[in-house]
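A.B. asks: Residue strings, one per chain:
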Amino acid sequence: MAMTCKEVWKEISEYIDDTVTPDTRRELELHFLYCRHCAAIVDGIHNIIVLVADERTFALPAGFSSRLRTKLQNHL
Amino acid sequence: MSAARATERLIADESELISRILSGERNLYYDLIAPYEHMVYICAFSVLRNETDAEDVAQDAFLKAYENLAEFKGESKFSSWLTRIALNTAKLRRRKFRPELYQSLHQSISEEDGEYIPQSLGDWREIPSETLERQEVRALLADAVRRLPDIYRDVFVLRDVQNLNIAATAEILGVSEGVVKTRLLRARLHLRDWLMPLLKSSRVFSRQAFKRGTNPWL
Chain D
1 MAMTCKEVWK EISEYIDDTV TPDTRRELEL HFLYCRHCAA IVDGIHNIIV LVADERTFAL
61 PAGFSSRLRT KLQNHL
Chain X
77 MSAARATERL IADESELISR ILSGERNLYY DLIAPYEHMV YICAFSVLRN ETDAEDVAQD
137 AFLKAYENLA EFKGESKFSS WLTRIALNTA KLRRRKFRPE LYQSLHQSIS EEDGEYIPQS
197 LGDWREIPSE TLERQEVRAL LADAVRRLPD IYRDVFVLRD VQNLNIAATA EILGVSEGVV
257 KTRLLRARLH LRDWLMPLLK SSRVFSRQAF KRGTNPWL
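Just so you know, the sequences run in chain order D and X.
According to the numbering used here, the first sequence is numbered sequentially starting from 1.
According to the numbering used here, the second sequence is numbered sequentially starting from 77.
Simulated from the structure, these hints should not be mistaken for laboratory data.
C-beta: ideal position from N, C-alpha, C; glycine also.
Don't take every hint at face value.
Listed below are the simulated EDC-like cross-link pairs for lysine to aspartate or glutamate, each with C-alpha atoms no more than 20 Å apart in a straight line [to be verified]:
id	chain 1	residue 1	chain 2	residue 2
1	D	K10	X	D269
2	X	K257	D	D17
3	D	K10	D	D23
4	D	K71	X	D107
5	X	K257	D	E14
6	X	K140	X	D129
7	D	K6	D	E29
8	X	K257	X	D269
9	X	K257	D	E11
10	X	K153	X	E92
11	X	K140	X	E101
12	D	K71	X	D132
13	X	K149	X	D89
14	X	K153	X	E90
15	D	K10	X	E253
16	X	K172	X	D226
17	X	K167	X	E247
18	X	K172	X	D132
19	X	K257	D	D18
20	D	K71	X	E143
21	D	K6	X	D269
22	D	K71	X	E101
23	D	K71	X	E113
24	D	K71	X	D136
25	X	K153	X	D89
26	X	K149	X	E92
27	D	K6	D	D23
28	D	K71	X	E127
29	X	K257	D	E7
30	X	K149	X	E247
31	D	K71	X	D129
32	X	K172	X	E127
Just a few of them, taken from the derived set where beta-carbon distance is under 10 Å, the chain D residues facing chain X [unchecked claim]:
id	residue
33	S13
34	C38
35	F58
Please build the complete structure, drawing on both the sequences and the hints.
C.D. replies: This is how it looks when you write it as structure tokens:
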């Protein structure tokens, strides 16, 4: 039986992480073919993950390492 | 070398470094922590959302780890132990000096066991990577992550920002892998619902389409 949207939402995270079983993957992808809402959720989450994982999003401030060394030098 | 073998090797190298630091070769502490500067900073920044506070807390966390190094028993990875110190130090600082950040601005967020219904927001298949060139977009992303309640943010930062696996995330946070997966799903859904309308409206998209079904980490 085809998956409902609610069932799909529970699996979306693991689908993106590629940790679902091949059978579940097939069922999900079948669902995405006809459910634009769920397909859009997967694409949206994927894009968010790509953006936050980009090193520019949480970049270390310039000079961080040298200031850390200076601070530690007083205590080591 | 397999990943498991590489991890074993790393743990052995770090244990050796720690022994030597504790025996008096204190300058080796820089070598021990160098791979984790970014990780500790991100932990602090995700809680505090302020570069100055985050750097200050990161320095404190490294100092605290140094002062307590003899208590590190090697039962977990050094990186896990250090991450816990960083998260705890950041949360203490937030409560003490920035109580206004303690309240999530999204109080309507559902409880962990409740059902979350993702909003219908239309398609967003393009990866808007160029948007990251803009400071306000980076700030938007970081702010949204910071506004997640602690239980969701901790999991999201470790898994999706730091790229740790589910098992390592569970170990650091002292929860089961099932709990990590549930919280991760909830965090991802919330962030998508909050950020997508804002980022879509930025109108600066790459035309590089996301091929659904591909793992973003590969």
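A.B. asks: Now look at each hint and say whether the structure bears it out.
C.D. replies: Results of checking the hints against the structure:
1. K10/D / D269/X: holds (16 Å)
2. K257/X / D17/D: holds (11 Å)
3. K10/D / D23/D: Given pair K10/D, D23/D holds - Cα atoms ~15 Å apart, limit 20 Å.
4. K71/D / D107/X: It holds: about 15 Å lies between the C-alpha atoms, which stays within 20 Å.
5. K257/X / E14/D: holds (8 Å)
6. K140/X / D129/X: Holds, at about 16 Å.
7. K6/D / E29/D: Since the Cα atoms of K6/D and E29/D sit roughly 15 Å apart, the hinted pair holds (cutoff 20 Å).
8. K257/X / D269/X: holds (18 Å)
9. K257/X / E11/D: holds (10 Å)
10. K153/X / E92/X: Distance ~13 Å between K153/X and E92/X Cα, so the pair holds.
11. K140/X / E101/X: holds (18 Å)
12. K71/D / D132/X: This hinted pair holds, its Cα atoms lying about 10 Å apart.
13. K149/X / D89/X: holds (15 Å)
14. K153/X / E90/X: holds (9 Å)
15. K10/D / E253/X: Since the Cα atoms of K10/D and E253/X sit roughly 15 Å apart, the hinted pair holds (cutoff 20 Å).
16. K172/X / D226/X: holds (16 Å)
17. K167/X / E247/X: OK: K167/X and E247/X at ~19 Å, within 20 Å.
18. K172/X / D132/X: Judged against 20 Å, a Cα distance of about 14 Å means the pair holds.
19. K257/X / D18/D: Answer holds: K257/X to D18/D is near 13 Å, not above 20 Å.
20. K71/D / E143/X: holds (14 Å)
21. K6/D / D269/X: This hinted pair holds, its Cα atoms lying about 16 Å apart.
22. K71/D / E101/X: With Cα atoms ~18 Å apart, K71/D and E101/X stay inside 20 Å; holds.
23. K71/D / E113/X: Answer holds: K71/D to E113/X is near 14 Å, not above 20 Å.
24. K71/D / D136/X: holds (9 Å)
25. K153/X / D89/X: holds (11 Å)
26. K149/X / E92/X: With Cα atoms ~13 Å apart, K149/X and E92/X stay inside 20 Å; holds.
27. K6/D / D23/D: Status holds; Cα separation ~18 Å.
28. K71/D / E127/X: This hinted pair holds, its Cα atoms lying about 17 Å apart.
29. K257/X / E7/D: At roughly 15 Å apart (the allowed maximum being 20 Å), E7/D and K257/X satisfy the hint.
30. K149/X / E247/X: holds (15 Å)
31. K71/D / D129/X: holds (15 Å)
32. K172/X / E127/X: Between K172/X and E127/X the Cα gap is close to 17 Å, so the pair holds against 20 Å.
33. S13: holds (4 Å)
34. C38: Nearest chain X Cβ about 8 Å off; hint holds.
35. F58: Given a least distance of 5 Å, the restraint on F58/D holds.
This entry satisfies every hint, going by the numbered hints stated previously.
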